[in-house]
Amino acid sequence: MSNQKNVVNVEDVKKIARLSRLHVEDTELQSLADDLSGILGWIEQLNEVDVDKVKPMTSAVAMKSPMRKDIVSDGGKRDQILKNAPKEDDGFFVVPRSVE
Amino acid sequence: MTDLTKYTLDEALGGMNKGDFTSVELTQAHISACESATELNAFVTTSFEQALEAAKNSDLRRAKGEIGIIEGAPLGVKDLFCTDGVKTTAGSNILDQFEPTYESAVTANMNAQGMVMLGKLNLDEFAMGSSNETSAYGPVINPWRKEENLVPGGSSGGSAAAVAADLCLGATATDTGGSIRQPASFTGTVGIKPTYGRCSRWGTVAFASSLDQAGPIAKTVKDAAILLQSMAGYDEKDSTSLNVPVPDWKASCGKSIKGQKIGIPKEYMIDGMPDDIKKLWDNGIEWLKDSGAEIVPISLPHTKYALPAYYVVAPAEASSNLARYDGMRYGLRTNGSDLNDTYARTRTMGFGDEVKRRIMIGTYVLSAGYYDAYYLRAQKVRARIVEDFENAWYKCDTILTPTAPSAPFALGRKVVDPVEMYLNDIFTVTTNLAGLPGISIPAGLNADGLPLGLQIIGKALDEDTVFATASALESAADFNSKPAKWWIK
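Protein sequence lines correspond, in order, to chains B and E. Residue numbering for the first sequence follows the numbering used here, starting at 1 and increasing by one per position. Residue numbering for the second sequence follows the numbering used here, starting at 1001 and increasing by one per position.
Keep in mind that the hints were calculated from the coordinates and are not lab data. Beta carbons are placed, not taken as given, at the ideal position from N, Cα and C, and that holds for glycine. Watch out, some of these pointers could steer you wrong.
Unchecked claim - Taking lysine-lysine pairs in the BS3-like style, the calculated list, with each CA pair at most 30 Å apart, reads:
hint	chain 1	residue 1	chain 2	residue 2
1	E	1266	E	1289
2	B	53	E	1304
3	E	1258	E	1459
4	B	87	E	1237
5	E	1237	B	77
Unchecked claim - Just so you have them, the derived chain E footprint on chain B, three or more residues with Cβ under 8 Å:
hint	region
6	25–37
7	62–71
Whole structure, please, built from the sequences with the hints as guidance.
Have a look at this one:
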């Protein structure tokens, strides 16, 4: 990609990868930085648009957020919920230790 | 006996009504077609035994006079819709073993209307792609080909290929930036993305929630209308589902479009558009004129900003939606040295390159200090695009454009620049951003004998006019080419 100034450098990629909970090999850092810079550089053209006083779009079709009563409407499905668990024991998810 | 896979959905439903054949016979014929077409790789999972059981039950219901909208029709389901007891992968390794214990709202609606599901159709991983090449289950091969294998488009490549190859009478699909319409264009099929909120998103694997919308891929405009009718409807489990009645869209097909105003947006005439596509667009204009419509030039000035806005909004929402795949409650888990390492290893093993790239773009544009510059600005540009359409509706009732900027391209074409692949959605993405309905119909062949589609865009909730216009275009185009069935040995 022939972007003169890279928007994203190798350090940025490391940071984004950490935030994304993805592991990136050192050998891939530069090419990812180039990829992301290319895409983000292309996105920069949005700066040409006059968005002064424009309200950001929040939903595709105008509608009021529906309200519902705060009551339990579903549940009692422990076994179904655990069915796809990578690891479970005695009705619980088993996960790696998170506190030493 | 006649080849039952040659029928359109409407014809097959009529045939069963008349008692010419049963759902079991129809289903068996389609199962055989699927079995001889494994080379196309259209399915991730087949459910033939369940299909025959469902067909038997459908025949029993029919005998009792209980006949749903799609009663007894063998159909395919994109592998993004959760199906109770049938594996749902989203085309990803991270969900390779995922077997939902519940049914998506869309497929539940279809089951209630008599669907016979043949299986789950291949797609780009998490619906992120325009060629079906990002699937963890390998690419789908387009039934149409030249000397080499071509892509069926994406992300609903399996749905489009299966319908084009007569493996099913129709299929569900989803469209976030063009994922129904571009593959329909690439395979000579019809595909409609309805107004955002028509079909519930509940139980459909999420990509970009403010853009994702389900719709069908079908053999004809009328078939698409029947299928959409069976899929749509209000669902309180999706807060963006529209609480409006589902009209009889089948009745819209064939309605006169005399006096309708059709807008032609000058911004869609992009540099480097192939002559075949320009000519097709001109043909479309003539056909609609001949049908009594009036052609009006319009302007959608922010068109060029739609794709870059999409590539902020969609990855941002995807990075949030895909945060749930952490290897704890379901899906793949790859053990690491501690919890954080397990998260990272799971996601690194489970996601493919394009998905990772989009998660990272999304994470970047949402990260501290960049939110206003990217996401907020993109949402404002999106409002500008909506304004463009609102202004256009003063002048016209629907808009005619090409569906995709090219014919189907070769499988494995080297894409160095990801942006180049993104350009496939240039004509379709605007309607996702604005939430409008858009349909692609096959309108002709290019010089290589490959199908090309035209798109009709309509006002929000006005699928009625979209179907009427598409149906007029379909009659005029009289597209009846089918790919040679080279995969049958």
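How the hints compare with the structure:
1. Our distance criterion of 30 Å between C-alpha atoms is met by residue 1266/E and residue 1289/E, whose separation comes to about 18 Å.
2. With a C-alpha separation of about 21 Å, the suggested pairing of residue 53/B with residue 1304/E holds against the 30 Å cut-off.
3. At roughly 18 Å between alpha-carbon atoms, residue 1258/E and residue 1459/E fall within 30 Å of each other, so this suggested pair holds.
4. Between residue 87/B and residue 1237/E, the direct Cα distance comes to roughly 29 Å. Compliance with the 30 Å bound is thereby established for this hinted pair.
5. Straight-line distance between C-alpha atoms of residue 1237/E and residue 77/B comes to about 17 Å, which keeps the hinted pair within the 30 Å bound.
6. With a cut-off of 8 Å between beta carbons, the region 25–37 of chain B has 3 residues touching chain E; three or more are needed, and the interface restraint holds.
7. With 4 residues carrying a beta carbon less than 8 Å from a beta carbon of chain E, the region 62–71 of chain B meets the three-residue requirement, and the given coverage holds.
Going through the hint list in order, the structure satisfies each hint without exception.
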